[in-house]
Each structure stands twice: as structure tokens, then as C-alpha cells.
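**Q** Spelled out, the chains give:
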Amino acid sequence: MANDCEMSSMKIKKTILIFAALLLTSSGAYAAKMVMPTDAPASYEAECASCHMAYPPALLSEQSWKNVMSGLSKHFGTDASVDAKTQIEITNWLVKNATTRQKYIETAPENRITKTSWFIRKHDEVKPNVWKRASIKSPANCGACHIDATKGIFSESKIKIPVK
Amino acid sequence: MLLKFITTFLLMGFTLSVFAITPQDLLKSYEAQSSKASPSRGEQFFNAKHGKEWSCSSCHENPPNHDTKHIVTGKVIKPLAPSANSARFTDEAKVDKWFKRNCNDVLDRDCTAQEKAEVLSWLMTVK
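Going down the list, the sequences are from chains V and D. The letter at position 18 of the first sequence is residue 18 when you use the numbering used here, and the numbering goes up by one with no holes. So the mapping is simple: the numbering used here equals the position in the second sequence, first residue as 1, plus 1000.
None of these hints come from the bench; they were simulated from the model. Any given hint might turn out to be false.
Partial chain D-side listing against chain V, Cβ under 8 Å, derived [to be verified]:
| id | residue |
| --- | --- |
| 1 | Val-1072 |
| 2 | Arg-1101 |
| 3 | Asn-1104 |
| 4 | Asp-1105 |
| 5 | Arg-1109 |
Think of the CB as a built atom: it goes at the ideal place given N, C-alpha and C, for glycine as much as any other residue.
Let the hints inform the model, and build the full structure from the sequences given.
**A** Have a look at this one:
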């Protein structure tokens, strides 16, 4: 009888462990969605990341990326036009990897990541003068503070706000 | 098999050399469409604003012989002068693309062959 009891308590422990492991892996996969996919076309780096960070596609929704990519000749005050073939290639890849998470799925106002309600909420403690520091320049410069931004890591523990 | 490899490599080398171009080649082709370039006018053009908010030097700085930062995003831009970055002005499609984009940003129009010749002739003198 005592043996049976031990067995069942072991079973329970085992079940808890399995659940914990499942939770961990699923939350890992969840966070990984922000991570830069490894299959980015070379054109993404060449055409987009020459002027700004190669934003992980999961920062915007499918519709937002379509909106961005259909207006490249007037892209936030600059001409970022690409040829038709490249435009399709990049758009398809962005759309395929766009966010599907409810939290991030809103259509970005003015197509700006930095105007989404989640971005504003996440940065509400950053004072206006901080954004203006020479080494930051703009809220679009994720990597100025998020030291692993290019890998798509934006966690609180990976933030270092430069003083100048 | 070895012969096949050698042929492939030779063909690859040939293909690369067909697409590769030098800054000198490009300068000659712009001058052929306009006239002899003046490097000093190129420098003035590079530093000046042309009716819009930015000049070439807003992002590339003068002299453009070191890593610089995009004026808005802060993204690092590699040196523009061929002396500091040997990849510059060696890919005609890339050169055409960036002249188109950046001339629209700085001048709100395409650059003329003369303007391209002058800027390039000056960039080729930057140490």
C-alpha cells in the first residue's frame, strides 16, 4: 500500500515535470516568434537594412507590411524604391513571417512600428529627452538600447540605455 | 572531373568580370554623356543642400572616408569614398539604384550625368 502511494506521488511529480517542461518549451516558442527568421532573402539586408535595422518581421502584422511595401518610393520621407521582383520577394517573406499574436496584430498607424499601441505602452517610461540622445536619435533605432535587437531579442534584461 | 571544376571556376570568374566595373569606368561613362568632370564642383554639390532638408553629407559626411550614421535612423553607413571602401562604385545596378534614391531624397529629382560625374570624380580624390 505504502509502495502504491509512493508510486502515485512519483507519477504526480512526473506529470508536473512534464507540464513544466511543456510550458517552458511553449513559452520559448512564443518568445521565439520575435526572433529574426534565418531564411531572410539577401535583398532584405541589402535593400532595407542599409538605412535602418533589419526589423524582425514579427514586429508588424501582415496588413502593415503590405502597406509599408506598397509605398516604398515615399518611405518615411525617403525614396526606398526597389525593382518589382525584389519588391515581391521581400513582401512575401515579410508577410509569411508577420506576427500572428493578438497582442501585436493591430495595423500600425502611419505604418510605423513605433506608433503601435503596444510599442507606446512598452516605452511609456522613456522620457522624450532620452529618445533625442545622439547615440539613439530615433525610436526606430532599436539597437541603441536593446543590445540584441538584431537577433530579435527585446527582453528587459537585454536593455542598456546609453547616457549620451 | 577536375577539368569540369576548372572550367566552372573559369566560367565563374568570367561572369564576375563581365559584371564588375571600376569607378573609373563609371566616371568615363558619365563624362561621355555630359562633359569633363570637375572634382571641386563635385565637392560643392556634395556639401550643398538642393532645396530639400538634406545634403549628401547629411548621411555620408565630408570627407566620406569613414563609417558614418544615417541622419534619421542612426544606422551605420560604410564609407562612400572608394579609397576607404573598395566595394563602392563597382556594381553598376547598385550605383544606379542609390543615385536614384538619394538624388530623390536630396534634390527631389534624378541627378544629371554631369552631377554624377562630378560627385564621383571628387569621391575618387578623397583619401
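**Q** For every hint, state whether the structure bears it out.
**A** Each hint tested on the structure:
Satisfaction of the interface hint for D:Val-1072 is found here, the shortest Cβ-Cβ separation to chain V being roughly 6 Å, below the 8 Å cut-off. With 8 Å as the threshold, the beta carbon of D:Arg-1101 comes within range of chain V, its nearest partner Cβ sitting at about 4 Å, so the hint holds. About 4 Å separates the beta-carbon of D:Asn-1104 from the nearest beta-carbon of chain V, less than 8 Å, and the hint is met. The restraint placing D:Asp-1105 at the interface with chain V holds, with a minimum CB-CB distance near 5 Å, inside the 8 Å limit.
A distance limit of 8 Å between C-beta atoms decides the matter here; for D:Arg-1109 the minimum to chain V is near 11 Å, and the interface restraint is violated.
Comparing the model with each earlier hint shows a violation of hint 5 alone; every other hint is respected.
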